[in-house]
Amino acid sequence: MLMSLSIRNMLLVEKAEINFSSGLNVFTGETGAGKSIILDCLSFVLGNKSRKRFVRTLCDRGEVIAEFKVEKTSEVRKIVEGLSIIWTDNLVIRRVEFSDGKRKTYVNDTNCTLDTIQKLGAKLVEFVDQKDGSQILKKSNHITLLDDFSGHQNEVKNLGKAWDDFKKIQQEITKAESRKDSQGKELEFIKHSLSEISILNPQPGELEELEIIRASLRSSSKIEENLKEAADLISGQQVRHEFVSALNKLEKAHDLVSDDHLLIETISALEGIIHELDEIEKNIPNIIENRNSGRMTLDEVEDRLFNFRNIARKHGINPENLMALNQEMEANLIEYDNSEKHVGALKSKLVSLEKVYQASAKKISEKRKREGKNLDMMMSQELIPLKMEGIEFRTLLERRKEQGFSGCDTVAFQICNHGMPAKDMEKIASGGELSRLLLALKVCLVTNTSGTSLIFDEIDRGIGGATAEAVGNRLASLAERDQILLVTHSPQVASKAHKHWSVRKIVEKTNLPVTLLNELNQDAKVAELARMISGEVVSKEALAAAHRLMN
8 MLMSLSIRNM
18 LLVEKAEINF
28 SSGLNVFTGE
38 TGAGKSIILD
48 CLSFVLGNKS
58 RKRFVRTLCD
68 RGEVIAEFKV
78 EKTSEVRKIV
88 EGLSIIWTDN
98 LVIRRVEFSD
108 GKRKTYVNDT
118 NCTLDTIQKL
128 GAKLVEFVDQ
138 KDGSQILKKS
148 NHITLLDDFS
158 GHQNEVKNLG
168 KAWDDFKKIQ
178 QEITKAESRK
188 DSQGKELEFI
198 KHSLSEISIL
208 NPQPGELEEL
218 EIIRASLRSS
228 SKIEENLKEA
238 ADLISGQQVR
248 HEFVSALNKL
258 EKAHDLVSDD
268 HLLIETISAL
278 EGIIHELDEI
288 EKNIPNIIEN
298 RNSGRMTLDE
308 VEDRLFNFRN
318 IARKHGINPE
328 NLMALNQEME
338 ANLIEYDNSE
348 KHVGALKSKL
358 VSLEKVYQAS
368 AKKISEKRKR
378 EGKNLDMMMS
388 QELIPLKMEG
398 IEFRTLLERR
408 KEQGFSGCDT
418 VAFQICNHGM
428 PAKDMEKIAS
438 GGELSRLLLA
448 LKVCLVTNTS
458 GTSLIFDEID
468 RGIGGATAEA
478 VGNRLASLAE
488 RDQILLVTHS
498 PQVASKAHKH
508 WSVRKIVEKT
518 NLPVTLLNEL
528 NQDAKVAELA
538 RMISGEVVSK
548 EALAAAHRLM
558 N
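The numbers in the sequence shown follow the numbering used here, run straight up by one, and end at 558.
Simulated restraints on C-beta separations:
hint	residue 1	residue 2	range
1	LYS76	THR38	30 to 36 Å
2	GLU179	LYS76	47 to 53 Å
3	ASN381	MET427	20 to 26 Å
4	SER355	PHE412	19 to 25 Å
5	MET427	GLU82	41 to 47 Å
6	GLU309	ALA338	28 to 34 Å
7	LYS76	ASN528	23 to 29 Å
8	ALA352	ASN97	53 to 59 Å
What the hints contain is simulated information worked out from the structure, not anything from laboratory work. Glycine included, each C-beta is placed from N, C-alpha and C at the ideal position.
Could you put together the complete structure from these sequences and hints?
Here it is, written out as structure tokens:
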């Protein structure tokens, strides 16, 4: 329950101290006096971000302090203690805004985040204004309202997560299949290229070696020619004959002078030369044969080099990178095989996720059907005291073809007169009916909420007379269970207040407008009701009517 609200230099309020009761708390005043400012300030302290600026003109800072009485077992206490904030008997939320737009927020004098007070605010109060009326008319919002009534927000949240997971895997499959299709188009080319490279069978350093061999082969004919000429010269009869003739002459000289050691050595040396010539003559053919044995021909080398360059040119690379290309394409082939397995695994996962989603969606849909009927029954009971007993409220639940974040259901709130076909609420609800439908629906939505303060901003707009009286009675009845804060233009509704404040606007000497609040006693309430009935000039009839309303 909201115990008090303290406002300093915010909007048109210079200073206000408001102590609330547990029942129906009402604010009335002329149009433009600033009645809704009080609710705006409460919204501000609970983290609302609708306005860009709250601090009063010419002020350095402004602040709002809201004090709540909270039950020990409430979710609010669990949130506060979960944030290591010191718990006291009452919960005090303070929010400060500076002239430069900066804001600070405190819970029980502990600095905290905007997200924290927004979570607390959602548990502490429920704001209802004319904007909610337009939201109720939107068919797209009906499923959320029914889920709020059903109290299965966590299940719906989990359903949404299951849907997100499902869509994520779907997208992954699309991307993976796209990659696989792209790879598939290149698959035959890759296989053909791998076959070509496999036949070529390039070896590390082979290209450089082939270049060396080619250079050697190009000069081999000249080498062989020189070797053959050398062999011809050595094996020629004239050369050998002259060496042998010289040896014969030396031997004859030795016969004449047998003890000449130098001559003997010379004869021996010449014999060695003749023997070496014989060996050289034998070796040269061997040299020629060895050079040609086991070696590629020049044509073979040229063909292999051509194959290197031809395959490399097809892939736009240098011939020396063919082995690296081979490894890359083998990796692509493996990746393609893996991508098929990956797509298969993703599809299996998608089937599992869809089963989880479908099971969850079915369970939620069944609960929506049950709770839709409960809502219809509760609404029928709520509409009677609001003088709408001739109106039937129906929750239409249909299955749509498309799956989605919130399941497979569409929800539409319909109304009709008894015995008439039901139509979507947005098509036939009048302004006065809409206000009462909004009130009835909000009452149904918060039935199971304990300790929540209901904040109504002109919920009774567009109604008067007996209808306004009925709305006032229902609000008063509701206020016996829940605290209500209400801004109203209706004297019938205001007359039911447990606490009543009048709001008026004056202009200070500084020419700045100021909103003032006055808590009314019994006589002042009568006077305010009379003003609301007749206007600025209060007649005796208006006073009499005000007394009747109070009684």
